[in-house]
Each structure stands twice: as structure tokens, then as C-alpha cells.
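J.: Residue numbers (the numbering used here), protein chains in the order written: chain A, 3 to 329; chain B, 5 to 258; chain C, 572 to 1026; chain D, 165 to 457.
Treat the hints loosely; a few may be bogus.
Within a straight-line C-alpha distance of at most 20 Å, the following computed DMTMM-like cross-link-like pairs (lysine to aspartate or glutamate) qualify [to be verified]:
1) C:Lys966 <-> C:Asp920
2) C:Lys826 <-> D:Asp166
3) C:Lys777 <-> C:Glu806
4) C:Lys903 <-> C:Asp882
5) B:Lys88 <-> A:Glu209
6) C:Lys668 <-> C:Asp1020
7) B:Lys88 <-> A:Asp218
8) C:Lys1004 <-> C:Glu860
9) C:Lys922 <-> D:Asp166
10) C:Lys953 <-> C:Asp967
11) B:Lys88 <-> A:Glu322
12) C:Lys778 <-> C:Glu860
13) C:Lys953 <-> C:Glu682
14) C:Lys984 <-> C:Asp1020
15) C:Lys953 <-> C:Asp912
Covered stretches of chain A (in silico footprint by chain C; criterion: 3 or more residues with CB under 8 Å from a CB of chain C, positions within the stretch not fixed) [said to hold, decoys possible]:
16) 67-78
17) 190-201
Keep in mind the hints are simulated off the structure, nothing from the lab. Glycine residues also receive a C-beta, built at the ideal position from the N, C-alpha and C atoms.
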Amino acid sequence: MSESTAVLSTPPAAPPTARILGLHLGVLAVLFALHFVLPDYHHISLSRIMVLACFAMGYNLAFGYSGLLSLGHAMFFAAGLYAAGLVAQFADIAAPGGFLIGVAAAALVALTLGAIALRTGGVSFMIVTLMFAQAVFLIIYYFGTYTRGDEGFVVPDAMRVLLGLDLADPTVRYMTALALFAACLMGSLALARSNLGRVLIAIRENEDRARMLGYDVYRYKLTALTLSAVMAGAAGAAYGLLFGYVGASFASIQYSIYPLLWVLMGGAGTVLGPFLGTVLMFYLVDLTSAATTAYLLVVGLVLIALILFFPKGILGTVRERYLPWLP
Amino acid sequence: MAAVSGTEMGREPELLLETRGLSRHFGGLTAVDGVDFQLRRGEVRALIGPNGAGKTTFVSLLSGRIRPSAGAIAFEGRDVTRLKAHARVARGIAYTFQITSVFQALSARENVMLAVQRRLTRGLFGPSHASLAAEADSALARVGLAGRADEASGNLSYGHQRLLEVAMGLGMRPRLLILDEPTQGLSDEEVAAFIALIRELSESATVLLIEHNMHVVMGLADRITVLDRGRVLAEGAPEAIRADEAVQRAYLGG
Amino acid sequence: MTTFKDRRPAGGKANTTGADTTGLKGADTKPAKSGPSRRGVLAGLGAAGALTAMPGFVRYSQAQSAEPIKIGFQVHRTGIGAAYGRWYDRTTMAATKLINDAGGINGRPVEIIAEDDGTDPKRGAEVVEKFATQHGCDIAFGTLFSHVVIGSAPRAGELKIPYFVVSEGHHVASGMLNRYTLQPGITDVKSQVIAMAPWVSDNLGKKVTMIFPDFAFGHNHRDFFTEAMAAQGGEVIEQIAIPPTESSFFKYFPKIPSETEVLYHVMVGPGVLTFVKEMGEFYGSNRPEIFGFIDSLEAVDITSPGLEFLDGTYLWEGNPRQAQADQSEHDKFYREAVGVDARGASVDDPKDVSTYAHMFGCWETLNIVKVGMEACGYSGTKDRGALIEAVEAMKDMPESRAHPQGAKVFNGKTHQVFGHQFISQVQGADLVKVHTTPIEAGYYEDEVDYTTQPL
Amino acid sequence: MDFGPYFLLASLEGAVGAAVLAVTALGLSLVFGVMRIVNVAHGEFFMLGAVIAWWVASLIGIHPAVGFLAALVVSPLVVGSVAILAERTVLSRLHYDPEATIVATIGMLYVIQQAVLMTYGPEARPVQPPFDFRIQLPWFGYSAYKLFVILAAVVLLLAVWWGLTRTRLGLMMRATQIDRETARAFAIPVDRVYAGVFAVGAALAALGAVLVVPVQQAHYLMGHDPLLLSFITVIIGGLGSLRGTVLAAVIIGMSDGIISVFFSPTLAKIIATLAVAMVLVARPQGLFGERAP
């Protein structure tokens, strides 16, 4: 929104590549190891969290790194979800193809609606993305003959197969989710440390100055938004194929706000923050809902407390105080 | 209003930039009013004038930050009037802001790397981190900030931030460097160092300088253009401008 | 309408999943085939100590101290379904108490483990997973809203936990779901709607205008009723779809053709009072016959200000809210056990109106689970398949305390039950039953045979 | 129904919608304009206003009109107090940072919604209109109360206008809006002005809700749509332009009524939604904003 949104600060020192690589590969290794030790419920939940974390990482590319505060990212998630689900339902296109079509659909939405929305900035951008997402949500209802509107539909089992492996199998699902997660995580890391990432941060910090350094700000933003949508769409497509359900609630405004919350909680503009935020939000809801029906009350209070005391999110604060090299 | 004729040298240097009838209105207000302006390759030109004369608007038109209401701009013989700001930068027109606007959250080095990177980038991905950093460090060394490369630029002193701006200008290797009040807020020693720096810089680039500090103007400029109420009031060598009555009236007579 | 093909491979999917991925530590649980390594490591850690010390793991380790039958109750405590959820909860608790007082199931007490699904399909799926893998529930049960059912059912099928829904959606019988999902306690919307058409056509008029919400539930009404009306020689002359986010309806009334003899309305959501009130303002005393579904008036007092216009109109009721003149002793018993007075409100608070037309489904479903478990000698999660088969084998369910809404016929192939439907007229402050449809009036051709799917 | 009367009906409906929207969105606009923050909990203040109206009206059982009038006074006061509490304990500590405020107000949204669900319950409850009178036109009947809503909204808007231009508080608000620092230099208690503006904004949402609750019902999820619509209205009207907000409310409310005459309703919503987006793309400063922000 405002130009003073220093959601993060980048490391002043030359980034210690080995340490950074070690940390992120270490996280992936731990996630791999957890497959063998986690109790079933947490094993299933972590599969889902990893997929949703890809959504959050995609959001982080736009919001955390490029300063694009979108309130409509559900449209990208839904584009992936519905494209993958509908081709499975009506065209007998199974997992790998459906996944790619889902990703392509999200990219297409970004390159059309996103390209229009990027003509605006600041608060207008928030509202335009919100409106576009709302239109996508209503379009899903409008074509209820195919989408079954709010009810949604079940992705046929026979389509949920990847390279001969059944995606409904817990191990296959976990490993598929982990692979997608690893791709998004390492992709985010590479991007954050790339020349492109540096330009995106520059645009976030001071758009006008970036332009006067000769950067075509619009094109860079569109690139960022498209990459962001690709991750969100990949998460959506994977969600539909791994968990077997496609429904309009995933296109509702809630699902535009969730990734914002996850990213803010974990730390905007940090590579691991979105994942951390997704994990914490999931368990916050899960544990409090077991204890009280008023779990949303707890979630609300936690959000307020976080923003009051950890405004840069958890990893943003950690980076500021302890680990300045954290990407 | 007749322009003071410039000192004639042996040969006519090549034209770098030219404007014809350049105008810009804001509502009913005319900030720049039909300016014809020529800049030769290699010179250091100062642009002076009382407050509200339209200096910043004029250079903003040159850099493409705002669009002209009328008139045309040619750079190196090609019409750039319709070109967007970033594309003009790519042609070699660099602009440093009047208000310091470095990327505060990034280190000094990364600020300059951004300036270098655009020039060396083809497509979305550019040169290696190491080569960028090396070139950035040499630019920082030239402005005397080598020791502060790793500091977050927001933590630098004001004077250092101005120097960083210049280093970013250097990193872009522009053909035309437009500096908007670069010495504002600097101490006397900093100003002296700055003059030396611009002199050195002018060997590789044409410089257009908006400046209030007459000491800087007289010490640096080959020629001076005086703007008043959006028009060119006078143009010529420093001594000629100093002697010009119309200029004195504009400045002193109010 | 789109038909959702059953795309399951004929021989069942490649069986990579092994027998039981849901297993908890119960002695009767086999390790998942996918998970021997996972289990091995887990056991090898021995230390589960470290893990069980974490907050989320506590119940997991306590799961086996007592041996009750654990029923995971997926309940809408928050979100748009909250008003229904509260009464589903009360009905469920009342039925459980009775079952336990009578000695439980197979001598084991029934324990209800309730989790809020937020009326959200994603959370719903998570809750089913939690029942299956953390709470160690024997079955999952209780969901109303269709999108939650459809979002959760694939997970229930994969985790092989029987999933008994009380949703009245057509999703079960349409074949979209799977062998582990059943709806034995409440008639589905397709059957309800089909059963209404003859009476509407014979008693109210032949030219019908339908007003329905523009989403799947409304589309079911639109498609099934239009077809059924045509079969009766009537005609739906206009279909007015209301967008999902609408909160005022007045501007839609001019779309109603003037030759309309019957106005058929089904609105879901909190806007219904506005709808009725504005309909009254629009028509005044000169109105067509009006027939509606009580779904949106569940938990709403029929004497609420604004509902006066409904006087003299007709409503479908899944179960008559008010005790009728011919009230059965079963309904009397059920009403008292749940704590509902003769007007359909809570005995503690006459303003707290029940969702009487639907909530009986919870009561009846739990009783069917009891019968099913006893029939197959259910002893633990390994018998889940046997439980499904036992329920599939059921057919006639006579009216009784276990079935206070009335007799029903269960179709084991489509996993859907069929029962009587009621039409009531609003007469002042009362809902008076004027017609009871025969069960057969709601029959339609099978669209799926779940019994051919592997367990 | 013939086109003419149908159009009249749609326009009347549009006007009622516009009236409530104008009052509600004005509250958001005020907060937006003066404090430069987006209050995502605005819809929940609206909902709270409706719920409190139901409470007041059902406590005072004498005559619907008495209950309604009492609600008209009590509801905005209570909601305003809640808003002051929120502003002092949370927003002021965030120094009104735009992004932090969005997150904090999303948190408030959950807290208020859940608190109402726990106390008031999940039902939709009606409030009796102060008078129940139906005007029979030649083609259709119409609620006199709805016409009253239009009138009441106009009176409220005039009152707000008077308050902003003729009172000291209003002057301080406008001074703060123009330049916070200068206002501080002129010894305007900016902190208290902010708290006041936030309270007035919330109170306006509550007033909008009290007006609408005899037409709709109080329900704990009812805040979603007013928030979205107010949001759109404020942006289309132009950031910080109160006149623009009111004009935009009229346009949006009326077009919502009239578009439904020509298109299938869901398609109409899609078209309207896209239209709003395209207006913003073409004019990011809003229809009536003076210049780009």
C-alpha cells in the first residue's frame, strides 16, 4: 500500500549461501523424515498444509516481495482447482495433465485479469483484485451446470492417478505434496536471491525510483503476479487432485484473506514464513476448536496480538533481531 | 526575450538532446511554456531559476516522469517524446531525485547493483551476483562509500545518501545524467568533494544540473540556462549569465 | 443437469492403500500397508513419549483406556449452518443418551465426539480425517450442508470410515460419492420434490412459477420439480433464480407472470423473512396459491413479525413441527426426549425454535447405526466394512421409537432412504398437516449401485 | 408487469438500497479519509448495530415505534463505544499503519462475529418496523417504512454534513484529514480526533443497520455484504471525498436495483462487479476523486 511498507529488510551482509541452502534443504529433509514418524492425523494434515503453503508462498511473491497487496488471490487458487477438476470430470484428463492445465489456467487468469488490475496501484489494486475474484466466484455459480455451484463435485478417483500411483494413498499424497512444496520453496528461495527478486524488492520499496533506474515496473509486476498465480494455481490443482473435492468455497473471499494471514503471521518477504504461518494457523484452529467452539474468537485475538507485538511476522521479527541473513 | 549567445568554440559539438516548444500545463497553470532547449554532448549544463520557475517539471519532462502537454523531445537525434520513463533510461537518460530516494531497506551495494543490473540485463535474468557486486563496489569506491557498502542505505547519513544516489547514477553509465539539486543539505566539505566528483564524471557523461548553490554552478557549469515562469530567460556561459540584467532582475528584483 | 458418472475402475482402484490407513493403536487395528515403514519407525522410536507430550497428541495416546463406540459428530457450530447445528447437536445427544440408557451398542457405551466444521468443506474434510486418525472414531456422522458432505466424503471413502450424513442432498443417491457414505435417516431432495408435484398439481394449480436460490440446492428443486410437474400435466412457466449474495427480493417479484397459479418458493439462508415480508407487501391480499419448503424457516418462529403473509399458504415439512391431532406416540416420545414442546420450540425457551423438519434424521440415523452394528457383531474398526454391508442389507424400517418420523424404505444400492413427506398449511399461528405423501411417491430410478464398489 | 411500473419498482428498491448504503459507507469513508486506514471490521459494526437494535426493541415491548426510536439512539452509542475501545487499545498502538490495520481489523471481525454468535445465537431475528403501513400503487404494493428509510437517510446525511462543516469537532476532523502534522501544530488533539472519527464511523454503520433491520433481519453473518458494498462505494466515490461517497452510493444502489431488470440476476451481479473494477482501472482516483492519490 504505502511506500513505507518495509515489511522486511534484506540482509546487509553478502548472503552466506551455504548456510541459507543448508537451512532450506534441512527443512525439506525434516519434512521428509516426518513422513516416517508422524501419527496419521498429523501426517495427513501436514500433506494438506504443504499444499496450502504453496498457495501462501505464491501470495508472498506478490505481497511480500513485490508489495502487491492483492485481496483476490482466491481466483488463482480456484482457477487451478477448477481447471484440474473440470478436465478430470468432463475430459478424462488425469493428474499430470490436469495439474498442468490447472497451472496454465491460473497463469492465464493472471495474464488477463491480473494484467488489467495492475493498471492500478495501492488501495485501488486491492479493490480491483477483490472485485475480479468476486466475479470469478459468481461465474462459478453462473455455470452451475458444470461446476455444481456451491456444492461442488468430487474429482473422479480414476483421474487421481500420477504415473500409475494412486494420489489418494497417504504416502503418495504426502510425497507429492512434499515435491510440490520443495519446488515452490526452492523456487521462492532462488527468486528471492536472484536479480529478478532484487528488482521486485526495489519496486516494493520505491516504485518510482525503480522506474527511474530503467526498470519497466509494469512488466516486472506482471511477471511477479504471474509467478505468484502459478504457485497459487499449482496449489489449487494439487488440492483438488490430492483431496478429491472441488467447490466454490475455495473461490470465496475467505480464501483470498487466508494466504494474507498466513504470510503475515509467518513473516512477509521471508522464504520460510508462509509455510510457518500456514502450519501455525492450522494448528491454532485445530487445537482451539477442540477446546472451544469459539475458536474464531481465539484466532481473532491471536491475530490482533501478533500484529501488535510481532508486526513483521514471526520470521520477519526473527530476522530483524537474530538472523539478519535469513532470506 | 533574446538568449545570450554562447561562446563559440572551434567546432560545434554534436547535439545530445533537443526540445522544441516543450510545454506542460497543470490545470490552468503553465509550468513549462514552449521551451526550446539544446544540450551538447559532453557539456555540464546548469539549470537555474527562481523557485517555481518550472525547473523540476522541465527535467521531469526530459526524463519521462511526466508527459508534455505540447512539444517534442529528441535524444541523440531520435524522437523520445512518446517513450516511457524506463525506456528513456535505457537510452541513457538518468535522473536522480531532488528528494533522496534510495531503497532504504537495501544495502548501499544492492542499491548500486540495481543500477548496474538493469544495464547488463537481457530478458528477466541478468549477470551473476559476483560481477554485479564488483561493478557496484567500484562505483561506490568512486564516490567514497566503499567502506559502507554493506550498510542498509536507510542508516546512512544524508550526505552519504546523496553520494549513493550519484553512485547509482554512475552505475547506470548514462549518456545524460540529470541531477536535481544534488548539493542541497550538504556541508561545505561535502559540496567541495561533490564538485570534484561531478567534474570527474563529466568526462564520461553529459550532465544537466538543477542547482541553487551559485558556487557549485559557477564551479561546474560550462553553460547555464535560466528558467523563469516556465520560459527560458537566458542561456550562456557563466560569466555572461552573471552579467545579464534580465537574470538579475528575475533573481533580485523579484 | 450434468450426470456425474461413476468413474471408479470396475475392479476397484489399484489397491495401493492396504487395508486400513486409519488405524489407531487399538489392538484390532492393522497397520496401513503404506505405512509399515511409518509405523515401524514410530514404534521404533519407542519414545512416543516425546511426541505424546505435544498438545495435539494427548488424546491420541489416551484413545484406548475405555472401550466405547466412538461416533465422530461433524457439527455446524459456526458458519451459515449454525442454527441447524445446534438442534442436530441436541437431537444427537438425546438419541445417544437413550441408546446408552438401554445398554449401548453390543453392550458398549456410545461416545459422541463432536467437532465443529465451520460449515466449510475444507474444515469438514479435516474433521473427518481427525475422527478417523486421531480420535479413533468408529464412524463419522451428522453432516447437513451439501458442500460439506461432498467435500468430506472422498476423504471418508479413502480412510474407509463409514460416513452417515443427514443432509437431504441428492449427492449420495446421484452416485457422486462412495460406498462409505450413506444417508439412511432422511429422504433426499429429489425424492421430496417429486413427491410434492402430484399434490400441488391436483390441489393448487397447474401453472407454477418457481423462486429458488441460484446454487446447487435451488437447481435441484428447479430441475426435479419442473420435470415432476410436467409428468403431472402441469407446467413451470417461470424460473426465477436469486443470486447467492442477495439480501432483498422485492425487485424480483415483477418477474412473476400474472397468470401464475402457484408460487413455489425455496429460499435458504437468513433472508427468508425479508422474502416473505416483501412478497406480502408486493401482493397484498390478491395473491396466487403459495407453496414453499420449510428449509429456510427452520429455527424460525412461524409467528415472527413479517411472516403474517404466510397465513393460508402451504409448506413442505420433513416432519411436522407442531404436534398434530393424530400425533403418534413415537413422535410424542421423540419430542419429549429431545426437549421440544408441542409447538416445536425448546421446552426451556419457547423462542428457541427447532429444526424439526430435518433433525429427526440424526435420531433415526443413530438408531440405524445401532441396528447395523448389532446385526454384524461390530467389535472394532476392522468391522467397518461389515457395518456398511449390514446397513446396505436393510430395507423396511417401520414407524417406531427409532423411526418417529414414520416408516421408511432404504435402498441399499443407492445408500438412500425414502420416507413419507408432509404438507402443512399455515393457519394463523399454527402449522396444520393437510397431506401425507405415500413413500412410493418419492421413488425414482436408481442412479448408482454402490454395492458393486469394493469395500 | 409492464416495463414502466417495473422500472419504478426497481428504482424504488434501488433508492432504499442506496439510502442505507450511503449512511453505512459514509462511516467507512470518514475513517478512510481522516485516518487513512481500511477498517475491515466495518461490516461487523453494522451487524452489531442490528443485533443491538433487536435487543433494545425486544426489551422495550411497549410499541414497535418506541423500541425503534430507542434503538436509533442506543445502538450507535454502544457501537461507537466499542469502536473507541478498539481504537484506543489496538489501532492507536499500530500507529495507523495501513497494512497492520487491515490485519488487526480482520482480527476484530472474527472477535465481534464470534462474540455475537455466542451471545445472540445463529438465528436471524426480525425487528418490527415503527409503523407497518402498505401503500397500494396501481401495479403493486409498497412498504411505507421503506420510503421512510430513504427520508431518514437523507436527514442523517444532512446532519453529518452539518456536523462536519458547522461544529468544532467537524472542523478538527477536516483539519486533521488535510494534514495531520499541521493539525497537531495547531494544538488539535489528533489522537482524540482519531478516536472520535473511528467512533462516528462505527456509529454511522450502526445507524444504517438500525434503519435496515426492520426490512431485513439481524443475523451474525450479515456484515459481509455491507462491508463489500461500502468498500466499493468509498473507492468509486473517491478516497476521502464524502460527497463522492454519497454520490457513488446512489449510483451503486440504483444500478443494483435497475440492472436486475435487464439481466438474469447472477449475471447482473457479475456484470456489476466487473463494471466496478473497470471503473477503478480507468479512474483509480474514483469517479469523483479530484486527482490520483
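J.: Tell me if the straight-line CA distance from Lys903 of chain C to Asp882 of chain C falls inside 20 Å.
T.: violated (26 Å)
J.: Would you mind confirming whether the straight-line C-alpha gap from Lys88 of chain B to Glu322 of chain A stays at or under 20 Å?
T.: Given pair Lys88 of chain B, Glu322 of chain A is violated - Cα atoms ~37 Å apart, limit 20 Å.
J.: Is it true that the CA of Lys777 of chain C sits at most 20 Å from the CA of Glu806 of chain C?
T.: Answer holds: Lys777 of chain C to Glu806 of chain C is near 6 Å, not above 20 Å.
J.: Checking one constraint from the list: CA of Lys826 of chain C to CA of Asp166 of chain D, max 20 Å. Satisfied?
T.: holds (10 Å)
J.: For Lys668 of chain C and Asp1020 of chain C, compute the direct alpha-carbon distance and say whether it is at most 20 Å.
T.: violated (34 Å)
J.: Hey, Lys88 of chain B versus Asp218 of chain A, does the alpha-carbon distance stay inside 20 Å?
T.: The given pair, whose Cα atoms are some 9 Å apart, holds under the 20 Å limit.
J.: Given the hint that Lys88 of chain B pairs with Glu209 of chain A, does the C-alpha gap stay at or below 20 Å?
T.: holds (14 Å)
J.: Mind checking, does the region 190-201 of chain A have 3 or more residues with a CB under 8 Å from chain C?
T.: Not satisfied, violated; 0 residues make the cut.
J.: Would you check the hint for Lys984 of chain C and Asp1020 of chain C, treating anything up to 20 Å between C-alpha atoms as holding?
T.: holds (4 Å)
J.: Do the alpha carbons of Lys966 of chain C and Asp920 of chain C lie within 20 Å of each other, as the hint requires?
T.: Between Lys966 of chain C and Asp920 of chain C the Cα gap is close to 38 Å, so the pair fails against 20 Å, i.e. violated.
J.: CA of Lys1004 of chain C to CA of Glu860 of chain C, is that 20 Å or under?
T.: holds (17 Å)
J.: Please work out if Lys778 of chain C and Glu860 of chain C have their alpha carbons no farther apart than 20 Å.
T.: holds (10 Å)
Hint compliance for this structure: hints 1, 4, 6, 9, 10, 11, 15, 16 and 17 are broken, all remaining hints hold.
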